[in-house]
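Colleague: These are the residues of each chain, in order.
Number of protein chains: 2
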Amino acid sequence: MLSFEAFEEKTIKRETLFTGKIIEVALDEVALPMGGTAKRELVFHPGGVGIVAITPAEKMLFVRQFRKPLERVILEIPAGKIDPGEGSHPEVTGARELEEETGYRPQKMTHLASMYLSPGFANEMLHLYLAEGLEKVENPRAMDEDEVLEVYELTLDEALERMKTGEICDAKTIYAIQYWQLALAKGRECHG
Amino acid sequence: MLSFEAFEEKTIKRETLFTGKIIEVALDEVALPMGGTAKRELVFHPGGVGIVAITPAEKMLFVRQFRKPLERVILEIPAGKIDPGEGSHPEVTGARELEEETGYRPQKMTHLASMYLSPGFANEMLHLYLAEGLEKVENPRAMDEDEVLEVYELTLDEALERMKTGEICDAKTIYAIQYWQLALAKGRECHG
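Sequence lines, in order, name chains V and C. Here full-length UniProt numbering is used: position 78 in the first sequence is 78, and no number is missing along the way. Here full-length UniProt numbering is used: position 9 in the second sequence is 9, and no number is missing along the way.
Hints may be right or wrong, so weigh each one.
[What the hints assert, rightly or not] Derived coverage of chain C by chain V (criterion: at least 3 residues anywhere in the stretch with Cβ under 8 Å from a Cβ of chain V; other residues may be distant):
1) 58-69
2) 121-129
[Stated by the list, open to error] Ranges of calculated distance between the beta carbons of each label pair, as one might list FRET restraints:
3) V:P84 to C:K108: 43 to 53 Å
4) C:T165 to V:V92: 25 to 35 Å
5) V:K21 to C:K136: 41 to 51 Å
6) V:E153 to C:F44: 28 to 38 Å
7) C:L184 to V:M163: 29 to 39 Å
8) C:K136 to V:R141: 54 to 64 Å
9) V:I12 to C:N139: 32 to 42 Å
10) V:F44 to C:T155: 28 to 38 Å
11) C:K21 to V:T110: 38 to 48 Å
12) C:E145 to V:P56: 53 to 63 Å
13) V:G166 to C:P84: 19 to 29 Å
14) C:V92 to V:V92: 25 to 35 Å
15) C:T37 to V:L17: 16 to 26 Å
Derived by calculation from the structure, the hints in this document are not laboratory data. C-beta: ideal position from N, C-alpha, C; glycine also.
Can you make the complete structure from the sequences, with help from the hints?
Modeller: Right, here's the structure in full:
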């Protein structure tokens, strides 16, 4: 196993190109471990939370929304960015987003995984939680003003069908469906 | 189901902030479907390919490398960006990256999934392929000059252990391990 030093690319110079409300973009000049230099294009992002929420009727919650970078409407699990101050409590972000987007409040949140989405250029980390004990809230917290979305409750077969048609097409949602399939497959394994 | 028009955010003005070798960054002012305007921070990326490669000895191939946005070394499945001209043949990119990074050439590539990684701000799509019939190449194609990496062949249990320790921590690699678990679980299901 090579040491960290054999890999590390030390920043010689960083140029911050853009500081937005969500992302920060930088261009680094780095010293390569084998000598020489290279440029690295970097996007910094506060991270987010995705919620795997299965209702008592064995349906998973999805939201249908427009995604500007794709110029299309897709179906995803409920998710949201981590706001300043929530960084150390992603389950708080998760419960808030779930309620805002779907009107359900979870009694229990269990951490499933944390994953970098595009480690080649971005530091965005997504935390995934299983939301259990879902209860419909009478007066749910309001969504962000610029969000339009539709809530769906789908069975596993319906969700797999939406993957085939391409409506479900993002990494966190595909993870959630695989998680569900694995949980069910474990229940069906032969123990005899 | 709401119509596309109920969701669409039309671009009023686009400001291109950065055009790099890998990403392009833009700031859009959009017209919201319910009236009013909002800003959207956007990253455009050519997309990539990730390879789920399992050797005849039932081990999966991983590469250990430094990721500048994270300032750390992580363990991932072999992957690479789609080069101009390869856009319509991601399996070509995949086979090339697999050979460059691991020295294995696949006899067969099967498409598993295509997924947006961060649809909230980026249009990057990752295509995942299963590489079968792996053969060691005597003189594999050379890697990009600025890449340092170490190849690992791990059993499923070893890979799950590396997820626990956090060395495996990115979405495509977690997808690959879940895919492997599901394929094995399906083989173990009760059919009686």
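Colleague: None of the hints should be skipped; say for each whether it holds.
Modeller: Here is what the structure says about each hint:
Check on the stretch 58-69 of chain C: 6 of its residues sit with their Cβ under 8 Å from a Cβ of chain V, so the three-residue criterion for coverage holds. With 5 residues having a Cβ less than 8 Å from any Cβ of chain V, the stretch 121-129 of chain C passes the three-residue criterion, so the hint holds. For the hinted restraint 43 to 53 Å between P84 (chain V) and K108 (chain C), the CB-CB distance of approximately 48 Å keeps it satisfied. For T165 (chain C) and V92 (chain V), the Cβ-Cβ distance of about 26 Å falls inside the hinted range of 25 to 35 Å, so the restraint holds.
As the Cβ distance of K21 (chain V) to K136 (chain C) is approximately 49 Å, the hint placing it in 41 to 51 Å holds. Roughly 33 Å separates the CB atoms of E153 (chain V) and F44 (chain C), a value that falls within the hinted 28 to 38 Å. Our hint of 29 to 39 Å for L184 (chain C) and M163 (chain V) is violated, since their Cβ atoms are close to 20 Å apart. The hinted window of 54 to 64 Å between K136 (chain C) and R141 (chain V) holds, with their beta carbons roughly 57 Å apart.
Between I12 (chain V) and N139 (chain C) the C-beta distance comes to about 34 Å, which sits within the given range of 32 to 42 Å. One distance hint, 28 to 38 Å for the beta-carbon pair F44 (chain V) and T155 (chain C), holds here, with the actual separation near 35 Å. The hinted range of 38 to 48 Å is satisfied by K21 (chain C) and T110 (chain V), whose Cβ atoms lie roughly 41 Å apart. One distance hint, 53 to 63 Å for the beta-carbon pair E145 (chain C) and P56 (chain V), holds here, with the actual separation near 56 Å.
Range check, G166 (chain V) to P84 (chain C): Cβ separation about 24 Å, and the 19 to 29 Å hint holds. Distance hint check for V92 (chain C) and V92 (chain V): the Cβ-Cβ separation is about 45 Å, which falls outside the suggested range of 25 to 35 Å. Restraint check, T37 (chain C) to L17 (chain V): a C-beta distance of roughly 24 Å satisfies the suggested window 16 to 26 Å.
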